[in-house]
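K.L.:
The chain contents come next:
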Amino acid sequence: MSELKAPNGDRRPIFIVGVGEVGPVAEDPRSIPEMVLEAVGMALADAAMGHGEIDAVVTASVDLFDGLTASNIAVTEVVGAVMKSETRIAADGLAAAIHAACELRSEAYQTVLVAAHGKASMSDYRSLTRWAMDPIHLQPLDVDFLICAGLQASAMAGADGGAQRRWAQLAARRRASAVPGALAAAISAEAVLASPVLAAPLHEGMCAPLGDGAAAVVLSVRPPAAGRRSVRLVGMGHDLEAHAMGDRDLTRWEGLGRALRRARADAGIASEEAIIDLAEPSCLYPHEEELFRQACAIGDETAISPGGGLFAGTAPVVAGLARLIAAVRGLRGNARYHQALAHGTWGPAGQGQAVALLEAAD
Amino acid sequence: MNEAILVPIEMAATWRYASGAAMERFCDGLRERRIEALRCGVCRRSYLPPRPICGNCHAPLSEWVSVADEGRLEAWTVLQVPMLDARTGSIREAPYGMGLIRLDGADTTINHYLAESDPARLAIGLRVRAVWRPEPRGAMDDIVHFEVLR
Amino acid sequence: MILEGAIRIPFKYAAGRAGSRFLVALRDGMRIVASRCETCARVAVPLRTLCPACGGDDLAEVEVGPGGSVIAWTQTPDAGSYALVRLDGADTAFLHRLVAAPAGCRIGQRVRVRFASSRRASILDIDGFEPVTGEGR
Amino acid sequence: MRHVAIIGTGQTDYASNRSDASQPELVREAAKAAIADAGLRPQQIDAVLISNMELFEGRALPELWLGEAAFAAGKPCLKVATGGTSGTSACISGFHQVASGLFDVVLVVGLEKHSEGQTQTGMALTDPFWDRAVAAGALGNFALSISQYMAERGVTERQAAMVAVKARRNAARNPHAHLKMPALTVDEVLASRPLAHPIRLLDMCPQSDGACAIVIAAEKPARRLCPRPAWVKASATRHEQPYIGDIDRRLVTMRTLRDAARGVYERAGIRDPLHDFDVAEIYEPVSYAELAWYEALGFCREGEAGRLIEDGVTAMDGELPVNPSGGVLSSNPVGASGVIRVAEAALQIHGRGGERQVEGVRTALVTGYGVYAWADVVVLGAQP
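Residue numbers (numbering that gives the first Met the number 0), protein chains in the order written: chain A, 0 to 361; chain B, 0 to 149; chain C, 0 to 136; chain D, 0 to 383.
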């Protein structure tokens with residue numbers, strides 16, 4: 000492994016050289032391998048690379064959501080992992096990307112492909128999330144991720160009567176900026192409040208619609224070919240909160256605060272006030288975006304989810320990697336953005352949190 | 000008094016699996032007792048089951064090859080304990096034979112049941128042929144099992 | 000083409016030392032048992048083998064509830080209602096169903112645990128929290 | 000590459016049914032033992048990795064419920080689930096996380112509680128268009144590949160039975176092992192209930208409940224805390240095509256294990272594995288597989304594996320003791336089995352192997368095996 004000296008100490012910069020995303024759509028008629036094949040093909044083309052230049056693969060998938068034991072076996076060939084190292088380590092694509100960056104930092108590899116897939120349409124996804132809950136004290140009550148989100152929203156709204164309206168307006172604003180053809184059509188705040196309640200105080204119009212998708216990213220310590228604004232992953236951190244809702248302060252995402260502190264320490268960014276030009280949060284509900292802004296101390300100077308974020312639609316497990324892709328595209332396509340933050344979360348009420356800090360290298 | 004409590008929970012779940020284009024054509028073929036493999040343009044290996052790409056060459060598989068419903072027994076065993084038949088959810092009684100069969104025209108083997116379940120009458124290299132269900136419906140169990148050609 | 004595949008498989012999860020004692024106390028004594036951490040004195044429900052606050056594992060058994068106050072609640076069209084309740088004597092909140100509250104309830108509402116008539120050392124030995132009328136407006 | 004070492008290990012006892020403890024309580028038992036063995040306090044763990052084949056217990060995202068018991072609440076925590084290689088792959092991920100400089104100390108915990116679930120879950124959820132049509136499971140699939148291996152390499156049922164005997168006799172000196180049979184004989188193995196020709200009951204690994212944990216540290220803490228750190232010399236993972244029929248004569252060729260071993264030997268300076276290694280903990284779900292691995296790992300030439308076991312070369316007093324712990328054949332909580340291989344090899348280098356300690360271990364080989372032919376290889380050494 001050649002010794003590449005990094006500008007900031009012994010660590011080499013990590014470039015995000017290729018991104019590719021499929022969906023999210025309400026229902027993709029294709030098989031999971033076909034969807035992942037397309038996303039990987041897009042990412043490799045974007046990186047102007049072939050499988051021969053990929054040293055290792057990191058994948059994100061969940062057996063119970065795919066209905067398949069060791070479900071990454073379905074994508075081994077399409078991610079190019081035959082006779083190669085594949086690490087199937089995450090339930091969210093951004094967490095997988097963070098582990099891939101660790102593999103690069105360890106100098107085990109120079110270029111790593113990250114892939115994630117999720118098909119909410121192939122199962123009763125919401126009821127499958129019950130099987131992630133404590134089987135002794137929670138699962139027999141049929142508690143699932145949506146019910147946990149309702150409880151967190153309730154704890155945040157507290158006696159604040161205006162919370163629902165504020166959230167309806169935020170959901171309407173996010174969906175209005177979604178790219179045409181997205182999973183979620185534009186909707187007014189009134190229509191959001193008129194939509195059926197799924198888990199009080201959450202109305203259906205507030206909830207990010209779940210669908211099918213796949214995403215892939217190529218990370219490398221080798222600088223990308225010139226000609227386009229290159230994007231670097233400069234800091235990363237993740238965290239796992241306590242599982243029981245009753246053990247946590249539901250009015251805050253403490254785990255995200257810790258993950259961001261780790262990412263800033265990793266990036267050598269000392270001050271809390273480091274500006275973030277673009278944030279791509281992985282928030283399924285408006286109250287989660289408030290938790291996100293609070294935990295990351297993000298104000299109005301930061302552009303948040305220009306493309307609508309998850310409110311435009313998302314695929315489970317893919318969400319965090321899709322946010323990383325949105326942040327990379329944002330930095331590439333917008334000269335006034337220099338620092339971006341991509342966020343991923345998994346589990347009930349944001350129990351797992353991951354943060355990646357990106358920089359455009361002009 | 001330390002009673003060890005167990006919490007019973009039954010999992011009942013359903014998934015809607017998408018076959019993908021290649022597997023769909025393969026299953027359609029089975030309905031007419033036709034077996035087709037997909038050949039890799041680079042390494043020329045023809046794969047069963049068919050799939051989007053060749054994992055060795057990272058090349059798309061697009062050349063369909065018709066394959067016979069008989070071939071060579073490459074490996075065999077006889078299951079002597081009952082096993083779950085995941086398709087039906089019922090238990091498949093023992094003994095029953097199983098083999099890896101290289102069908103004439105295919106380069107990979109397929110794992111399927113054998114009619115023969117006496118180890119003394121099974122050996123690598125035997126010729127075997129598929130026994131089809133009377134009305135195939137387009138699934139791998141349209142082949143009931145493979146009989147040994149004596 | 001789409002193929003439907005289903006499984007139906009029974010699982011049985013060991014509640015373990017702490018879980019078993021908690022569930023047996025529901026069944027036999029209609030008591031809600033929690034752990035008080037000898038290191039940081041926080042009381043966590045249900046009974047644990049480790050303190051969620053400081054990670055300590057020197058824990059004493061204490062009883063909490065049955066009354067408490069709602070810190071969060073939700074209602075679903077199909078799966079009923081749920082509440083997170085800080086039971087009297089506990090530092091952590093406890094999640095269970097909300098019963099006898101068709102119109103839901105409000106944060107801070109006083110509730111009490113309603114036990115099931117027939118109990119078999121399960122979390123379902125509790126029917127849920129029912130609002131206490133007339134106590135603490 | 001930044002040097003990393005294993006400085007602590009912890010294991011529960013493995014048994015067919017540990018309904019005395021919940022899954023988190025087993026995880027806590029192993030994690031606490033490993034942290035104490037490393038001379039650390041839980042707060043000094045920077046990140047946690049969990050290895051668990053969630054579907055066997057019908058779970059999704061198991062790290063959410065189990066993480067706290069592994070001291071992971073408030074810390075970075077991820078999970079690996081890649082069949083039998085889950086444990087070794089989680090350890091390799093831990094090596095990379097420490098070598099990355101992001102963490103100085105990482106805890107890896109493997110767990111499985113087969114008694115809580117159904118073994119058929121693994122078989123029921125195979126490819127619905129292909130494997131699900133044929134009820135085989137690991138047992139049937141191994142039996143198929145063994146018929147090829149026996150035909151081509153001439154190994155006998157008796158030689159396979161010798162592997163099973165070595166495993167359970169070694170296990171008798173391992174307090175954690177599930178199947179301790181100090182007086183097991185070859186004839187007893189050959190007389191045990193037939194499962195899938197030619198595999199008999201005692202040729203096959205058990206299903207066990209249990210957890211195993213290791214603590215991985217960067218060079219500075221490793222030297223400060225551990226008298227004889229088990230340094231990670233090299234590691235590699237190779238995955239394979241998805242269907243059993245894709246893999247040509249699986250046990251005979253095993254290209255994944257061969258390629259992983261070749262690369263790792265090169266980086267670790269291993270030229271003659273049979274003599275350069277002092278001990279090996281390899282992943283053998285069935286007796287015949289250990290013989291196939293001897294050849295794939297270069298302990299002997301093709302077709303000589305039978306002679307190796309007959310001549311006692313891999314016995315405790317042989318040239319290269321294989322699986323002093325009793326191996327997967329004696330204890331098999333799948334999500335933990337790969338971590339057990341790494342932990343047992345590290346114990347040998349630490350010199351804390353107790354009754355199963357091999358004399359003067361300086362270099363140890365570890366392998367992980369999963370699904371049809373996924374392979375992991377790790378080399379540990381007394382020097383970085």
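A hint or two may mislead.
What the hints assert, rightly or not - Label pairs and their in silico Cβ distance ranges:
hint, chain 1, residue 1, chain 2, residue 2, range
1, A, SER187, C, SER117, 17 to 27 Å
2, B, THR13, A, SER187, 50 to 60 Å
3, B, ARG15, A, ASP361, 27 to 37 Å
What the hints assert, rightly or not - Stretch-level coverage of chain C by chain D, calculated; a stretch enters the list once three of its residues show a Cβ under 8 Å from a Cβ in chain D:
hint, stretch
4, 7–20
5, 49–60
No wet-lab data here; the hints were simulated from the structure. Where is the CB? At the ideal position from N, CA and C, for every residue including glycine.
K.L.:
May I ask which of the numbered hints given earlier this structure violates, with the numbers listed in increasing order?
P.N.:
1, 2 and 3
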